[in-house]
Amino acid sequence: MLKKISLIVLIIVLPTILFSQSASWNYRVNSGSLGYTYSWIDCTDGTELDQWSLDRGNMDDGRWNINWPFSFNIYDESYTPSDELSISTNGFIRFDGNASYDWREARDYMLAAIPSANFGQILCYGISDVNFLPANSKVYTKVTGSAPNRIFTIEFFEMGFYWAPNTYANVQVSFYETSNFIVIKVGDNNVSYEGAEIGLHSRVSPYFHYWQDIDNSAKDTWIEYIPSVATAYYKNSYVSFSGSQPSNTSFPTSAVSSGAAHDVLSFSITDAGGDGVPTKVSKIRIKNKFPANRADWSDCIAGGSAK
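Numbering (our numbering), first residue to last: 1 to 307.
Hints are not guaranteed to be accurate.
[To be verified] Capping the alpha-carbon separation at 25 Å, the derived lysine to aspartate or glutamate pairs in DMTMM-like fashion look like this:
1) K138 <-> E77
2) K138 <-> D60
3) K138 <-> E105
4) K138 <-> E84
5) K138 <-> D42
6) K142 <-> E158
7) K219 <-> E84
8) K219 <-> D96
9) K138 <-> D102
10) K138 <-> D188
11) K142 <-> D42
12) K142 <-> E105
13) K219 <-> D102
14) K142 <-> D220
15) K142 <-> E84
16) K138 <-> E224
Derived from the structure by calculation, the hints contain no laboratory data.
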């Protein structure tokens, strides 16, 4: 007699732990060339952050404060759509307050040094005395995809540098909903000045990561920041399906909608055949789809209870 196998897959939601400081761990990182795993996202049809919306400090120095489009975790801090991120014209984004106007501090900033209190928890997309006054220099934001797997991208198109009027660089920063991945991409540039660092800083030493300077960066490359601790997800995700022995039963693609390195999958088996013989599952194959264009496979020994 063939037995029907019914499995219920549960993504166990692990609570986010709040700390008194903004970080207690460092991100894991991967990097590569655009076109494989990650590609450039066209943001020109998104929202432009123009000079009229700029909170100006002095001349070309200022910041744009915008709300998060969805909830997002950075290090040990959680942000919601009621929180703002502050985009500095001097090559960085601050998450925990208003970005500094001070171009001198931005020019002299080093990720590996003890961070200035004026900078806080930041992402550097080329921190320096950056200039967005040229007519061809643009900043765009765009949200792609659908919940709970949206991507929020900020594009810095042909940003200039005050100390070198004829130089430019193209950089994108993408935030991945639910997985809390951060991806920085460097496109075309002609920068030859030493400086303009790219990376992350939690505002707590030693929790930071320096990737590269724009001047020595390889064009059309990306870096992926992966949280090294479990993060909270919005809700439990359930899926049920069935199959008959001895054929293999596969998870539908909708089975897992979010995940990270510390997710736990649990399942139960219902013997629908009625013969009383326990049904055993020896292995589950899980396709890693985070982000969605990956195809990394891993075989996981499964444990469960037969009914």
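(request) Kindly indicate which numbered hints from before are broken by the structure, ordering the numbers from low to high. (result) The structure conflicts with hints 1, 7, 8, 12, 13, although it agrees with all the remaining ones.
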